[in-house]
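Whenever a hint applies, use it, and build me the whole structure from the sequences.
Number of protein chains: 2
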Amino acid sequence: MTLNDALSKLTALETTLRAYSHAIGCLNYDGETVAPRNSAPMRGETMAFLSGIIHEKVTAGETGEILDTILAHRDEVSLKDRRRAEVLKEQRDDLTLVPADEFMAYQQLMAEAMQVWHDAKLASDFAAYAPYLDRIIAYNRRFAERKDAKRPAYDVLLDGYEKGLSHETLDPFFELLRGELTPVILAVAEKPRPDVAFLNQPYPIHLQKKFTDRVMQIMGINRDDCSVGETEHPFTDGFNKHDVRITTHYHEDSVLSNLYSVVHEGGHALYELGVGDELQGTVLAGGSSMSIHESQSRFYENIIGRSRAFCEVLLPELKALFPAQMAGVDEEKLYHAANLAEPSLIRTEADELTYAMHVMIRYELEKAMIGGDLKTDDIPGEWNRMYKKYLGIDVPDDRRGCLQDSHWSFGAIGYFPSYALGSAYGAQMLPQMQKDIDVWSVVRSGDLKPITAWLGEKIHHYGQLLTPNELILSACGAPFDAHYYVDYLKGKYGELYKL
Amino acid sequence: MTLNDALSKLTALETTLRAYSHAIGCLNYDGETVAPRNSAPMRGETMAFLSGIIHEKVTAGETGEILDTILAHRDEVSLKDRRRAEVLKEQRDDLTLVPADEFMAYQQLMAEAMQVWHDAKLASDFAAYAPYLDRIIAYNRRFAERKDAKRPAYDVLLDGYEKGLSHETLDPFFELLRGELTPVILAVAEKPRPDVAFLNQPYPIHLQKKFTDRVMQIMGINRDDCSVGETEHPFTDGFNKHDVRITTHYHEDSVLSNLYSVVHEGGHALYELGVGDELQGTVLAGGSSMSIHESQSRFYENIIGRSRAFCEVLLPELKALFPAQMAGVDEEKLYHAANLAEPSLIRTEADELTYAMHVMIRYELEKAMIGGDLKTDDIPGEWNRMYKKYLGIDVPDDRRGCLQDSHWSFGAIGYFPSYALGSAYGAQMLPQMQKDIDVWSVVRSGDLKPITAWLGEKIHHYGQLLTPNELILSACGAPFDAHYYVDYLKGKYGELYKL
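Sequence lines, in order, name chains H and B.
Mapped onto the working numbering, the consecutive letters of the first sequence carry residue numbers 2 to 500.
Mapped onto the working numbering, the consecutive letters of the second sequence carry residue numbers 2 to 500.
Calculated directly from the structure, the hints in this document are not laboratory data.
These figures come from a predicted structure and were not determined experimentally.
Take these hints with a grain of salt, some might be off.
[Said to hold, decoys possible] Below are the EDC-like pairs computed for lysine to aspartate or glutamate, each with C-alpha atoms no more than 20 angstroms apart in a straight line:
#1 K10/H / E46/B
#2 K10/B / E46/H
#3 K151/B / D374/B
#4 K210/B / E253/H
#5 K491/H / E191/H
#6 K210/H / D374/B
#7 K192/H / E343/H
[To be verified] Here are a few chain H residues that sit away from chain B, every Cβ distance over 12 angstroms (derived from the structure):
#8 R152
#9 L200
#10 R307
#11 S308
For glycine and all other residues, C-beta sits at the position ideal for the given N, C-alpha and C.
Below, the structure written as C-alpha cells:
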C-alpha cells in the first residue's frame with residue numbers, strides 16, 4: 002500500500018466511523034433524554050449491533066495496514082495525518098484485545114446497567130445493581146490485564162483516559178490535596194456559615210429555563226449549534242462542532258444546581274464547538290482527553306462561574322427573573338452563597354474546596370475494586386467509611402452514596418480522577434490567561450467571548466492534535482504543577498472565610 | 002439455497018435492517034424535535050450513509066435469492082413467512098430501480114429540503130423552496146416511470162402508499178365527496194356560528210402539558226412505551242412496540258389544537274403499540290399502509306375525539322385545569338366548538354366536514370404536478386385558485402397555503418389521499434364496532450381500552466400480515482365503501498347544525 006493510498010483509505014474509514022459514531026451517539030442521547038423507558042432493551046441491541054460494526058472496521062486487517070503504512074512515514078506526513086493514524090491506532094490496539102462477540106456483549110451489558118442503575122438509585126437499592134457492576138468491574142480488569150499484564154490493572158485503565166497517567170502521579174497528587182486542603186476544610190468548618198436562606202425558596206422551573214437561556218447567552222454559546230436537554234445526571238455530547246448537546250436538571254428548590262450544571266456543561270460544549278474546522282470528520286475532532294475536557298468545564302463552572310465578577314453579572318439577571326426570592330440579596334451575599342464550603346454528600350453539588358475529596362475517595366475505591374482488594378458487595382460500606390473519615394459525614398443511603406454517579410454503569414472506571422486533574426489544569430491556566438487578558442474585567446462585561454477565544458486558541462482548536470501534556474506545556478509554558486490548584490483554593494477560601 | 006437456509010438468512014437480514022432503520026429513525030426524530038438547527042447538514046450525511054447501507058443490503062443479489070427461494074415455496078410456508086418475503090420483495094423491487102448513488106443523493110436532498118421548507122414556511126417564501134420541491138417532483142416522476150412506464154406516473158406513486166390504489170378509485174371517491182359534501186358545507190355556512198369565545202383566551206402551556214398527560218391516560222397509552230415531544234408539525238414514529246414517539250405543538254391561544262394533535266397522533270401510536278409480539282423485529286412490524294394508519298388516527302381524533310361522549314369526559318378535565326377559561330361552558334358548548342365547521346386555511350386544523358376538500362385539492366394538485374400539467378412555480382397560484390373554488394376562501398400567504406404541509410419535503414407525493422381514505426375506512430369500521438361493543442358508553446366511562454382492544458384484534462395486531470383490502474374485508478365484513486363516510490358526516494353535521 003502506498004502512502005497516498007493509505008491516506009485516502011484513512012479518510013474513507015473516518016467517514017464510515019463518523020457515521021456510525023454519530024448514530025450511536027444520537028441513540029444514546031435520545032435514550033438519556035426523551036426516549037420512553039421500555040425502549041431500552043431494543044436500543045441496547047441496536048447500539049450493540051452498530052458498535053460491532055465499528056469494532057469490525059477498526060480491527061480489520063486493512064485498517065492495520067493503512068495505519069502501519071502512514072506511521073512508517075511518520076516523519077514525512079503532516080502532524081495532523083500522523084496524529085490521525087496514532088489516535089486510531091490506539092483505538093485499534095484496544096479493540097483488538099476484545100473479540101467482537103465479547104465487545105458487543107459488553108455494549109449490551111452497559112445499556113442494561115444504565116437502566117438498572119437508574120432504578121436502583123431511585124430505590125437506593127445497591128443489591129439490585131451489584132451484579133451488573135460486578136460484571137463491569139470484571140470486564141475492565143480482564144481488559145486491562147490483556148492490554149498489559151505487567152502493570153497494575155487500574156494504571157492501565159487510567160492510561161486509557163489520560164495517556165501516561167498512573168498511580169505514580171495520582172497518589173502524590175491526592176496526597177498533596179489531602180495534606181494541604183484538609184486543614185483549610187477544618188478551618189472553614191469553624192467559621193460562621195454564610196446566610197443562604199434566600200436559596201431555600203421555590204424558584205419556578207419555567208423561569209429557571211429562561212435563566213438557562215440567559216446564562217448560555219452570556220457564555221457565548223450559539224444555540225443553533227448547541228441544544229439543551231434535561232436529564233437526572235447532566236452531561237455533554239458533541240457529535241460535531243455544529244451539533245453539541247448539553248443537559249441540565251431543574252429542581253424548584255435549588256436554583257444554583259441548574260446554574261452550575263449549565264455553566265459546567267457549557268464549558269464542555271465550548272470545547273467541542275471550538276475544535277478546528279480542519280479536524281471535522283477526522284478522529285481528531287474531539288477533546289484531547291477527559292482531564293483536558295474537565296479542565297474546561299470546571300474552569301467555567303468554578304474559576305469563572307463562582308467568581309465575584311460573575312456573581313455581579315448574574316445578580317441583576319436573577320433579580321429580574323426572581324424579584325421576590327432575591328429581595329435583599331447583594332453581590333457579596335450571592336458570592337458567598339455560591340461558594341458555601343462544607344462537607345456534603347453529592348459530588349456534583351460540592352463546593353470547590355471539598356470537591357477534590359469526593360474524587361479522591363472514588364480514586365481510592367476504584368483502585369481497590371480493580372486491584373481485587375474490595376469486593377463489589379463491600380463497596381457501600383467502604384464508601385460510607387471513607388465519607389466519614391475524609392469528610393466527616395454519615396451517608397444516610399446509597400442513593401446519596403455509592404449509587405449517586407452514573408459513570409461505572411457506562412463502563413467508566415478510572416475516569417473520576419479527570420475531574421480533579423482537570424480542575425488543577427484549569428487553575429494552572431488562569432495565571433497564563435491573566436497575562437494576556439484582564440480576566441475579571443471581561444467577566445464583569447457580561448460577555449465571556451474573549452475568555453473562550455483565549456482557550457480556543459490555546460486548547461480547543463487543537464482537538465486531539467496535541468496530547469494532554471503537550472497542551473498543558475503549550476498553554477501554560479510549563480509542565481503540569483498541582484501547586485497552582487492548591488494555591489488557588491487556599492487563596493480563594495482564605496479570603497472568603499477570613500482564615 | 003434451501004428453504005430453511007433462506008428463512009434463517011431472512012431473519013438475519015431483518016435484524017440488520019431493523020438496526021439501521023432504528024438508527025435512521027432516531028436521527029430523524031432527534032432532528033425534528035431537539036437537535037440544534039445547524040446540525041442538519043451532518044445529520045443528512047449520516048442518514049444518507051446509513052440509508053445507503055440499507056439500499057446495499059436490500060438490493061444485494063443474495064437477498065433476491067433468499068426471497069425467490071421463499072416465494073417459490075409460497076404454498077408451504079406460513080402466512081407470516083410468505084408476507085415477510087412479499088413485503089421485502091416489494092421494497093427490493095422499488096430500491097433496485099434506483100442506483101445506490103442516486104438513492105443516497107435523494108436522501109440528502111430530502112434532509113436539506115426539510116430544513117429549507119421549515120425556513121421558507123416561516124418566511125412564507127415559496128421561491129426559496131421551489132428548487133428543492135422541483136427536484137423532489139422530478140425524482141418521483143422518474144422513479145414512477147422506471148417502475149412502470151405504461152401507467153400514469155401518479156398512479157404508480159399512489160400504489161406505493163396503498164397497494165392497488167389509482168385514479169380509477171380516487172377520482173370517483175373524491176367526486177362522491179365533492180358532490181355529497183358541498184351542499185352540506187354550503188348549508189352549514191347559512192347557519193349561526195356556534196359560540197367559541199371561550200377558546201379565544203390564553204391557556205397556559207405548562208397546563209396544556211398536564212392536559213396532554215391526562216388525554217394520553219384516557220386513551221390508555223402507556224407512557225413507558227410512548228413518549229411525547231414537540232414539533233411544529235406533529236407526527237408519530239414507531240421504532241418498535243416499546244418505543245413509539247408522538248409529537249404535538251402548543252399554542253397558548255389554541256387549546257383544541259394540541260388536544261386533537263395528541264388524540265390523532267395517539268391513534269397512530271396505539272396502532273404501533275398494538276402490533277403482534279410475534280411480528281417484532283420482522284419487516285411486518287408496522288402499519289399495513291398509510292391509509293390504514295390514518296384510519297386509526299382519524300378514528301380516534303374525530304369519530305371518538307370529537308364525539309359528544311368524549312366531550313363529556315373532557316369537560317371536567319378542562320374545567321379542573323382551566324377553571325376561569327372554561328367558566329360557563331357545558332358539554333353541548335364544548336361539543337359544538339370542537340365541531341365548528343367552516344372553510345379554513347389549514348388542513349390539520351380543519352373540521353371533519355371540510356377536511357376532505359383540503360385533501361381533494363392536494364390530490365388534484367399532485368396529479369397535475371406529477372403528470373407534468375403543473376409547473377412547480379405555478380403551484381402557489383393553482384393552490385390559491387382551488388382553495389377559492391372549493392372552499393370559497395382567499396389564501397393570504399404561502400405559509401398558510403402551499404407551504405403548510407411538510408410531506409413533499411420528505412418525498413411523500415401520493416400520500417395525502419391516505420388521510421381521506423383513512424377517514425372513510427374509519428367511518429366504515431364504526432358500525433361494525435357497535436355490533437360488538439357499546440361504543441359511546443365506553444367513551445363516557447373515560448377509559449378507551451375496550452375500543453383499542455377491538456381495533457387491536459381487527460387491525461393493529463396484524464401489522465403488515467394482511468393487506469389493506471384484506472384488513473377492511475376482515476374488520477368490516479365487506480369491501481371498502483365510501484358511502485359510510487358520507488353518511489356519517491351527513492348524519493353528524495345534520496344533527497349538529499339542524500340541517
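Does E191/H sit within 20 angstroms of K491/H, going by the straight-line distance between their CA atoms?
With Cα atoms ~16 angstroms apart, K491/H and E191/H stay inside 20 angstroms; holds.
Does R307/H really sit off the interface, with its C-beta more than 12 angstroms from all C-beta atoms of chain B?
holds (27 angstroms)
Over 12 angstroms to the closest beta carbon of chain B is the bar; see if R152/H clears it.
Given that every Cβ of chain B is farther than 12 angstroms from that of R152/H, nearest at about 37 angstroms, it holds.
Status of S308/H, Cβ more than 12 angstroms from any chain B Cβ
Nearest chain B Cβ is 28 angstroms from S308/H, so the label holds.
Has the given pair, K192/H with E343/H, been kept, meaning a C-alpha gap of at most 20 angstroms?
Holds, at about 11 angstroms.
Keeping to a limit of 20 angstroms between CA atoms, is the pair of K10/B and E46/H held or broken?
Answer holds: K10/B to E46/H is near 19 angstroms, not above 20 angstroms.
Restraint status (C-alpha distance of K151/B to D374/B at most 20 angstroms):
Within the cut-off at roughly 18 angstroms; holds.
For the pair supplied as a hint, K210/B and E253/H, is the alpha-carbon distance within the 20 angstroms limit?
At roughly 18 angstroms apart (the allowed maximum being 20 angstroms), E253/H and K210/B satisfy the hint.
Whether L200/H stays farther than 12 angstroms from all C-beta atoms of chain B, as the label says:
Non-interface label stands for L200/H: nearest chain B Cβ at 23 angstroms, farther than 12 angstroms.
K10/H and E46/B were given as a pair; does the straight-line alpha-carbon distance stay at or below 20 angstroms?
Judged against 20 angstroms, a Cα distance of about 19 angstroms means the pair holds.
K210/H paired with D374/B [C-alpha distance capped at 20 angstroms]:
Not satisfied, since the Cα-Cα distance of roughly 51 angstroms exceeds 20 angstroms.
The structure fails to meet hint 6 from the earlier list, while all remaining hints are met.
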